[in-house]
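Chemist: These protein sequence lines map, in sequence, to chains A, B, C and D.
Numbering-wise, the working numbering puts 69 at position 69 of the first sequence, and it's gapless, one number per residue.
Numbering-wise, the working numbering puts 116 at position 116 of the second sequence, and it's gapless, one number per residue.
Numbering-wise, the working numbering puts 155 at position 155 of the third sequence, and it's gapless, one number per residue.
Numbering-wise, the working numbering puts 344 at position 344 of the fourth sequence, and it's gapless, one number per residue.
Any given hint could turn out to be false.
[To be verified] With a straight-line cut-off of 20 Å between C-alpha atoms, the simulated PhoX-like cross-links for lysine-lysine are: (1) Lys5/B <-> Lys317/C; (2) Lys292/C <-> Lys264/C; (3) Lys52/B <-> Lys292/C; (4) Lys52/B <-> Lys218/C; (5) Lys55/C <-> Lys218/C; (6) Lys73/A <-> Lys5/A; (7) Lys5/A <-> Lys47/C; (8) Lys169/C <-> Lys221/C; (9) Lys52/A <-> Lys377/D.
[To be verified] Listing some non-contacts, in silico: residues in chain C with all C-beta distances to chain D over 12 Å: (10) Lys58; (11) His94; (12) Leu286; (13) Glu303; (14) Arg367.
To be clear, the hints were calculated from the coordinates, so they are not data collected in a lab.
Because the structure is a prediction, the values reported are computed rather than measured.
Note that beta-carbon positions come from the ideal geometry of N, C-alpha and C, so glycine has one too.
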Amino acid sequence: MYSEKVMDHFSNPRNVGEISDADGVGQVGNPKCGDIMKMYLKIEDNIIVDAKFKTFGCGAAVATSSMATELVKGKTVEEALKITNKAVAEALDGLPPVKMHCSNLAEEAIRSAIEDYQKKNGLIDETNACDTCCKRCEDIHHVIDTE
Amino acid sequence: MYSEKVMDHFSNPRNVGEISDADGVGQVGNPKCGDIMKMYLKIEDNIIVDAKFKTFGCGAAVATSSMATELVKGKTVEEALKITNKAVAEALDGLPPVKMHCSNLAEEAIRSAIEDYQKKNGLIDETNACDTCCKRCEDIHHVIDTE
Amino acid sequence: MSDRNIYMDHAATTPVRNEVIEAMLPYFNEKFGNPSSIYSIGRDSKKAIEESREKVSKAIGAEPREIFFTGSGTEADNWAIKGVAYANRKRGKHIITTSIEHHAVLHTCQYLESDGFEVTYLPVDADGLITAEQVRAAIRPDTILITIMFANNEIGTIQPIAEIGKVAKEAGVYFHTDAVQAMGNVHINVSEMNIDLLSMSSHKFYGPKGIGALYVKKGVKLTSFIHGGAQERGRRASTENVPAIVGFATALEIAVENMDQYNKKLLALRDRTIKEIEEKIPFIRLNGHREKRLPGNVNFSFEFIEGESLLLMLDLKGIAASSGSACTSGSLDPSHVLLAIGLPHEIAHGSLRLTFGEENTDADVDRLMEVLPAIVKRLREMSPLYEAMCKK
Amino acid sequence: MSDRNIYMDHAATTPVRNEVIEAMLPYFNEKFGNPSSIYSIGRDSKKAIEESREKVSKAIGAEPREIFFTGSGTEADNWAIKGVAYANRKRGKHIITTSIEHHAVLHTCQYLESDGFEVTYLPVDADGLITAEQVRAAIRPDTILITIMFANNEIGTIQPIAEIGKVAKEAGVYFHTDAVQAMGNVHINVSEMNIDLLSMSSHKFYGPKGIGALYVKKGVKLTSFIHGGAQERGRRASTENVPAIVGFATALEIAVENMDQYNKKLLALRDRTIKEIEEKIPFIRLNGHREKRLPGNVNFSFEFIEGESLLLMLDLKGIAASSGSACTSGSLDPSHVLLAIGLPHEIAHGSLRLTFGEENTDADVDRLMEVLPAIVKRLREMSPLYEAMCKK
Ligand SMILES: Cc1ncc(COP(=O)(O)O)c(C=O)c1O
Ligand SMILES: Cc1ncc(COP(=O)(O)O)c(C=O)c1O
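Make the full structure from the sequences, and use the hints.
Modeler: So this is what it looks like as structure tokens:
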């Protein structure tokens, strides 16, 4: 089901943990839906110098979190904001269709952590932390176990 | 499906043929239903001294015809009239349920041949040659091929 | 010689090919995992199913996602017809079919009639053929489905499916075909032939029993028939029968690859048998179209005799065949197909179907022709109908 | 050690036993005849089916003529429920079931709701149990069917079937039970338990996939579900799947003969595993009733972690298990069963089902207990929920 790259990032996730003095922290998802991603960013001179995550979620959620932290490191804030869910999924050699929402979560976690950083630093004043997961919970057709 | 006895009477039917100077001839069944039994009896002093048959029909029809002719031989007319379809079926070690109507046909063929004899000899005047097969044709629930 | 068993009933069912059994075996106890599981052993099963789906789709020119595995050809027929009927009930309640369909189609249509649908049963000609023109003429504004078999299981007649598909497409009516007998014998391309739904059954082409498939063209509105788990993309529930699916696809792939060569052989056996029976036995009638027929199908009526007796006699000589006789089915009415092509009851009762397959050889036909004329003669001599005819 | 594969998902499916494969093999290519044929090779198949039917009937205390083979457990459930519903529609339109049925039952009931039937979904207690009293209270004058599973596939809870059967009998309402998980693990006697219809599926007790059966008590009014040929005494059409039927019966016979001994072994593995998990891992919850549960079933929720990740980690260590996690099914909602017993969503997401079988040994449990606590710990350390809890 999962690509080798996904399995690699799942079984050896990069950047797991917390950054105690993070400049931006974002948490997206909802335990009800079975996916929560929390991302910590260390930002110096508009450049993301470190990133860590904690994730409650499926294999794809863990792997995309890991990949997302890898992708943002070294990027400017503007560059990081351009990372799409597609880019995360592609960097993992693809995700099964039913798991594509996990890559959304990664995109959202990056945005959410950056927004937090921007808010804290007075760079924007409006928050729109994403709650897509829970919209999806209700939207998505109820698919069920198959044994 | 069929007992050994049925298969024996089917593959080596006794008394196949005609009796040119028969004292009683009876034909029952209907080609529409796929079963016709024609029975020839030679009757001397009220005793059936010979019996022959021709049958268009399934394995059970052939075997019951053969058995019926065996059973009537040597019997008095009254005894022969007492031969039931059950007796014919039992003498063959049983018939599959769907084939029980064939043993009806045998019973009817005996009756019909004897009635013919009685009519010819003025012993009765009323005929009620049996047409049960065709009644059944319409009655029986349409069962179908199974491949 | 009577101890040799000769099987001439391939339209009823076929033995499973050895390569197919080999292909199936690992999935019984090694790669036995539930394909819906995420662990390795389940993923092997999943992969096997998807590869099989791809093979099946290729065989008929479809997309893999248009193939849904079922528990049999009958289930595929039931699903296609009930599924289209109930999903499109609001658009109309009229269905067109023929009078010579397999009972999997006929009885399903009759069931729908009892639930408020209307069904037109098109008559066939003396060869068992219908025309696209007949279909066109039967279409009403409320027609939602045309279901016409590709090739008939009894008399082997092959219908003008591409022409009917064209008519259906022009009218915007879904077209289902029961291709259970045609698969592996006839070239089928669902897009060229404008087929929307197509039923298959694996045990007719040397695959296992108990597995079939329904092709459903993308976009066709169809309700589910077997409700439960989310297998087959949520459209047909139940734990996938992995070994059987693998067997199905393996058998179909072999059948399609070798079709032309195989058909050449069958045609030779068929045509020789037809010719010799016509030469050697009087009072007979070939049932089904002489050319537009399945390559392995021979079907004759023998006047004055009854089919089951004929089968039993052949069986005693080691030859397995089939009949449209009512007696073989526990009914008193002979085959609805033989009646539909206009045979009188008593002649329909005396029919014999021989369907050739892989293992059959010219020696088998030699043996058949050695015993069949004598058996027919013997049964006729026992028949009061023959006696009556002779005395005329 | 991680290269050893340990299978702990027998509730999903089981490998086919070698004796069962052996028993099936001759019916693929030697005795492959169509059982409805009258020639010798068809008679062999027919005989095999009737012997199998007898074995299956014996296993549940029924008559052979009350057993009908189907293409799966799901088909048996669909047939039983739709068959009773449509045949008894004039008497009433109310059906009683539970909220923890398998989807083969639940989705079928939902389908019937869309067709005008009314369904009561009885709630269960925290252990997944319902009571006969609840059933009695739910019966209305227009109730035509009670369908309640024998044992649950996720949490293993076994229902008081005999008591429910008594209530159903007193009320004169048909009682169907989905015994797919119970067969081979629990002693079942349909007449003592007053069961009118019972579904089975062979691949849960070391028989082949794609074959099930429905027990239908003599006299029960039931419409056909799969229409077509006259197989199964005209009640379930399609060429009989002879090898699978033989496999089903062989597997069931072995299972029933060895049930007590087999259960003793499973119980030991189960109870040891439950005990050790409870001792070694904090923040957990045993799902399902502690005693009234299937002998091979262990189901735990592990707080703060998600089930699919847990399964993947176990798989990497060579252990195959299952989860009520939504992720394993492509849905975002976790198991309806875990929600029905009152688990909050996030805890339901983190559940693990281990179901033991024949090949499992104490060494397998050793291995499980070697890796599971570490995996749970690792995933928790990665979890923001655990972090949040720890900071409280
Ligand atoms: C034309 C046709 N349709 C449907 C079927 C039913 O297939 P199955 O027996 O696999 O259900 C058959 C043969 O059995 C058939 O010949
Ligand atoms: C309780 C229960 N009912 C029904 C089924 C469906 O059986 P099958 O997959 O054979 O259709 C299953 C398992 O799959 C089950 O566990």
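Chemist: With 12 Å as the threshold, tell me whether Lys58/C passes as away from chain D on beta-carbon distances.
Modeler: Lys58/C is indeed farther than 12 Å from all Cβ atoms of chain D, at 23 Å.
Chemist: Regarding the pair Lys55/C and Lys218/C, is the alpha-carbon distance no greater than 20 Å?
Modeler: holds (18 Å)
Chemist: Is the hinted pair Lys169/C and Lys221/C satisfied, with a Cα-Cα distance of at most 20 Å?
Modeler: holds (15 Å)
Chemist: For a C-alpha distance cap of 20 Å, please report whether Lys292/C and Lys264/C respect it.
Modeler: holds (15 Å)
Chemist: Holds or violated: Lys52/A and Lys377/D, Cα atoms, limit 20 Å.
Modeler: holds (19 Å)
Chemist: For a C-alpha distance cap of 20 Å, please report whether Lys52/B and Lys218/C respect it.
Modeler: Distance ~66 Å between Lys52/B and Lys218/C Cα, so the pair is violated.
Chemist: For the pair supplied as a hint, Lys52/B and Lys292/C, confirm whether the alpha-carbon distance does not exceed 20 Å.
Modeler: Violated, at about 46 Å.
Chemist: Grab the minimum beta-carbon distance between Glu303/C and chain D and tell me whether it stays above 12 Å.
Modeler: With a cut-off of 12 Å, Glu303/C remains clear of chain D, as the shortest Cβ separation is near 21 Å.
Chemist: Taking C-beta pairs only, is Leu286/C more than 12 Å away from all of chain D?
Modeler: holds (22 Å)
Chemist: CA of Lys5/B to CA of Lys317/C, is that 20 Å or under?
Modeler: holds (18 Å)
Chemist: Below or equal to 20 Å on CA atoms is what counts here, so check Lys73/A against Lys5/A.
Modeler: Satisfied, since the Cα-Cα distance of roughly 19 Å is no more than 20 Å.
Chemist: Is the Cβ of His94/C more than 12 Å away from each Cβ in chain D?
Modeler: holds (19 Å)
Checked against the numbered hints above, the structure breaks hints 3, 4 and satisfies the rest.
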